[in-house]
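With these hints in hand, go ahead and build the complete structure from the sequences.
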Amino acid sequence: MRKGLLAGLLVLIAAAPWIVKSGYVFHIATMIALTIPLALSINLTLKLDQLSLAQPAFMGIGAYTAALLTMRLGVSPSLAVLAGGLLAVVISAVFGPIFLRIKGVYFVLLTYAFGQIVNLVFQEWTSLFGGNNGLYGIPRFSIFSHSFGETEYYILGLAVAALFFFVMYAIERSDVGAIFQALNEDEMFCRSIGSNAQSWRVAAFIMSAFMAGIAGALYAFYIGFISPDSFGFGATIDLIVINVIGGPGSVFGPIIGTIVVVPLLEFLREMRQYQFLVYGFCLVFFIMFFRQGLVSIFERKREVV
Amino acid sequence: MILQMIINGVLGGLMYVVMALGFTLIFGIMRIVNFAHGEFYMAGAVLVMLLFGQFGWPFFAAVAAAGVLSAALGMLCERVLFRKLVGAELPGMIMSLAVSIILQSLALLAFGPAEQSIARPFDGTWSLFGAIVPWDRTVVAIGSVVILLAFYAFLRFSRYGIAMQAVAQDRETASLMGVEAGSIYSMSFGIACLLASLGGALMAPVYTVGPYIGSLPMLKAFVVVILGGLGSVPGAVLGGLLLGLSESALATTFGSTIALIASFIVVLCVIIVRPSGLMGRKGT
Amino acid sequence: MSTMLEVKGLVKRFGGLTASSNVTFAVDHREIFGIIGPNGAGKTTLFNVIAGHYRPTAGSILLEGRKISGNSSDQIGRQGVARTFQAVHLFHEESVAENLRRAAMISSCHNPVAYFSQRGEKVSAKVESVSQFLGVAHLLETKAGGLPYGHQKVLGIGMALMTSPRLLLMDEPVAGLNPSEKRAAGTLIRRLRDELGLTILLVEHDMPLVMSTCDRILVIKQGTPLTIGTPAHVQSDTSVIDAYLGEDYEFA
Numbered sequence: 000m001r002k003g004l005l006a007g008l009l010v011l012i013a014a015a016p017w018i019v020k021s022g023y024v025f026h027i028a029t030m031i032a033l034t035i036p037l038a039l040s041i042n043l044t045l046k047l048d049q050l051s052l053a054q055p056a057f058m059g060i061g062a063y064t065a066a067l068l069t070m071r072l073g074v075s076p077s078l079a080v081l082a083g084g085l086l087a088v089v090i091s092a093v094f095g096p097i098f099l100r101i102k103g104v105y106f107v108l109l110t111y112a113f114g115q116i117v118n119l120v121f122q123e124w125t126s127l128f129g130g131n132n133g134l135y136g137i138p139r140f141s142i143f144s145h146s147f148g149e150t151e152y153y154i155l156g157l158a159v160a161a162l163f164f165f166v167m168y169a170i171e172r173s174d175v176g177a178i179f180q181a182l183n184e185d186e187m188f189c190r191s192i193g194s195n196a197q198s199w200r201v202a203a204f205i206m207s208a209f210m211a212g213i214a215g216a217l218y219a220f221y222i223g224f225i226s227p228d229s230f231g232f233g234a235t236i237d238l239i240v241i242n243v244i245g246g247p248g249s250v251f252g253p254i255i256g257t258i259v260v261v262p263l264l265e266f267l268r269e270m271r272q273y274q275f276l277v278y279g280f281c282l283v284f285f286i287m288f289f290r291q292g293l294v295s296i297f298e299r300k301r302e303v304v
Numbered sequence: 000m001i002l003q004m005i006i007n008g009v010l011g012g013l014m015y016v017v018m019a020l021g022f023t024l025i026f027g028i029m030r031i032v033n034f035a036h037g038e039f040y041m042a043g044a045v046l047v048m049l050l051f052g053q054f055g056w057p058f059f060a061a062v063a064a065a066g067v068l069s070a071a072l073g074m075l076c077e078r079v080l081f082r083k084l085v086g087a088e089l090p091g092m093i094m095s096l097a098v099s100i101i102l103q104s105l106a107l108l109a110f111g112p113a114e115q116s117i118a119r120p121f122d123g124t125w126s127l128f129g130a131i132v133p134w135d136r137t138v139v140a141i142g143s144v145v146i147l148l149a150f151y152a153f154l155r156f157s158r159y160g161i162a163m164q165a166v167a168q169d170r171e172t173a174s175l176m177g178v179e180a181g182s183i184y185s186m187s188f189g190i191a192c193l194l195a196s197l198g199g200a201l202m203a204p205v206y207t208v209g210p211y212i213g214s215l216p217m218l219k220a221f222v223v224v225i226l227g228g229l230g231s232v233p234g235a236v237l238g239g240l241l242l243g244l245s246e247s248a249l250a251t252t253f254g255s256t257i258a259l260i261a262s263f264i265v266v267l268c269v270i271i272v273r274p275s276g277l278m279g280r281k282g283t
Numbered sequence: 000m001s002t003m004l005e006v007k008g009l010v011k012r013f014g015g016l017t018a019s020s021n022v023t024f025a026v027d028h029r030e031i032f033g034i035i036g037p038n039g040a041g042k043t044t045l046f047n048v049i050a051g052h053y054r055p056t057a058g059s060i061l062l063e064g065r066k067i068s069g070n071s072s073d074q075i076g077r078q079g080v081a082r083t084f085q086a087v088h089l090f091h092e093e094s095v096a097e098n099l100r101r102a103a104m105i106s107s108c109h110n111p112v113a114y115f116s117q118r119g120e121k122v123s124a125k126v127e128s129v130s131q132f133l134g135v136a137h138l139l140e141t142k143a144g145g146l147p148y149g150h151q152k153v154l155g156i157g158m159a160l161m162t163s164p165r166l167l168l169m170d171e172p173v174a175g176l177n178p179s180e181k182r183a184a185g186t187l188i189r190r191l192r193d194e195l196g197l198t199i200l201l202v203e204h205d206m207p208l209v210m211s212t213c214d215r216i217l218v219i220k221q222g223t224p225l226t227i228g229t230p231a232h233v234q235s236d237t238s239v240i241d242a243y244l245g246e247d248y249e250f251a
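Residue numbers (numbering that gives the first Met the number 0), protein chains in the order written: chain H, 0 to 304; chain B, 0 to 283; chain Z, 0 to 251.
Take these hints with a grain of salt, some might be off.
[What the hints assert, rightly or not] Stretches of chain H that chain B covers, calculated by requiring three or more beta carbons in the stretch to come under 8 Å of a beta carbon on chain B: (1) 105-115; (2) 233-247; (3) 266-277; (4) 283-295.
Honestly, the hints are just simulated from the structure, not real lab data.
We treat Cβ as the ideally placed atom computed from N, Cα and C, and that holds for glycine.
Spelled out as structure tokens, the structure:
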């Protein structure tokens, strides 16, 4: 069974840092693990037939909240991370119902504008967010005063990524997935039998914001430094590339996409200027010739839609 | 004081209209949101920087050449990349994102990340009833008006322009009446890129030129088009002037970032009340 | 006999066009009520306003005494009203049993909170009983997309039944059916009332069906009511006959 093969492959990849025993590999693996919830976050909005470009903004909200709570108020990192996710939830609950009134293109534009504006706030409100210089010296993540080392960060990242993956997997395979699919295919019918379509959409949007917020908070503690740059247009592009390469159809898509793209990003770190060029050509290639994404390699042969 | 605000607002607004028009044109006709629109603005500015700033061409010749070259580039992109994606909104958007980052990267690789100033062809100011109007902005404004009038004449009176309106309204019927969609798409993409790049070209000496200067005009174009309705030309004009005027009013008091945030909030309110924008078509 | 649905002075305007005006009628519990009228009379608009797809411009609609006018279609769906569609709305790739199950599931899990508080639903028993009632129990494993059109329409009714409605709105239930299927449909509609105690409001073009099935009929012309009464009354009303002159209708 192809999915079994894929699962086995993923477990192997997850174990790789211990097999290879390299600090660099641990770093890449941690970055992959931290990016997975973000990729899943956009994937969830795709399940609503919408593309939300607001996820980096929620990531930033989670990151800055967690960092500021720990640095300024001495809140313990684990609580701060949860608080970051929670604030993302609150803000998405406020704006989600507004954004989700509109479909398709307008939604993308609106979430894009939202993302840019939030980023502008991070840049301009220097007294709180440190402006373009960002926030330095975010302490290491710790539980009960035990400071996290490299391996522990990876395990934490892996645990969170796995958690969100299983949640998304459950959504996909359960009746919740069937409901989303039915709402996309035939909302009028679903509403005629009493389904509150808007509430489902808002719930998915909030969930995706939560995932992005948590990912952002963990990222802040891992890197130790955040700036508006990390949550801007570049992040949006990263996530789109990940989802396009991985494939939007299944929950495995973002996983594959992240595993492929994040190391690429690190590899191109030396050649930052070429990064977006490579991205651009990858997107062009995949959109033109391989729209189902890499995950389709692992799926049973289906008719091309 | 008020007059100054209004003048600033109109000057800014006219540029927004030019940007928004091209953007709304591509959407109205091809149902594709062109995220690369800002990069054609940037291309126009870059070309003027080269032709006027480095090679010493006369300013307006450089502007015209920048427009034509960018339009040609746009038409090439359309033919190769976008033609097959007409109507497929999401892939079209992502493709335009791809074009956007490719163009940005090319500019980055060619000229480096720093923004550069170029020599100003027009200096000084003149005064209109006590309000101060810089000459370079005046040129931009006059240029914008000329562009808008030419565009209007094109839409209204030329065969292609009328055909474009037909395709925007109803592709199938238009093709039944012999309007060949392919050439219309090329033309609209070309004109949109022409508009954006002329905007960038005219503005090149006013501020600075760099790989990322297209993002803000792009964001403004979005706001205008959402306000005025995607696909609506009168909406783009109305929205652009509105945005320009309100920005000017707010920027004088609160600063431009607050102005942008305020315009975003206004957009949100418009969306709540009228999802298709102030003048957009229902169901767009 | 108490009133299930009451429509009072309903007006619906779209911009300058008045699609319905002054519509007043009441439907009793367990009544089969028909709405007919020449083409373009506004039957569909009226139906859609009652179903919550449009908000009335004026007037009110009461469901068992409670105001539902202005409620959205999903709110009305949760208040015991279900509707069938003229076009087929099914999950074509799934089996008949799965279609029925999904209808119940989507309906009961109407928002995420409801989803998580539902546990141990006896849906399979309901699927059994509904399919038995409709006579499609032998087709439970068949893919919905593979069913003949008449059966698909019956499945549509089944999916509405899975939500346990008290009032069933039917939009041209026999459109596209052949004569024997139409007769079967008429029998089914009567059974829905007789055996399941449903109140039924239907909009139809097919006169034989309406005349043989409905207890009372409302005739609409150009958005306004022409007459309301039993089939016998309506058939002998000259204004109704006039309204249909020029159309190809048989009255019975």
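Hint check results:
1. Taking a C-beta to C-beta cut-off of 8 Å, the segment 105-115 of chain H contributes 8 residues in contact with chain B, enough for the three needed, and the coverage statement holds.
2. Only when three residues or more bring their CB closer than 8 Å to a CB of chain B does the claim for the segment 233-247 of chain H stand; here the count is 3, and the claim holds.
3. For the segment 266-277 of chain H, the stated coverage by chain B is satisfied: 5 residues place a CB nearer than 8 Å to a CB of that chain, which reaches the threshold of 3.
4. Counting residues of the segment 283-295 of chain H whose beta carbon lies closer than 8 Å to any beta carbon of chain B gives 4, which meets the minimum of three for the stated coverage.
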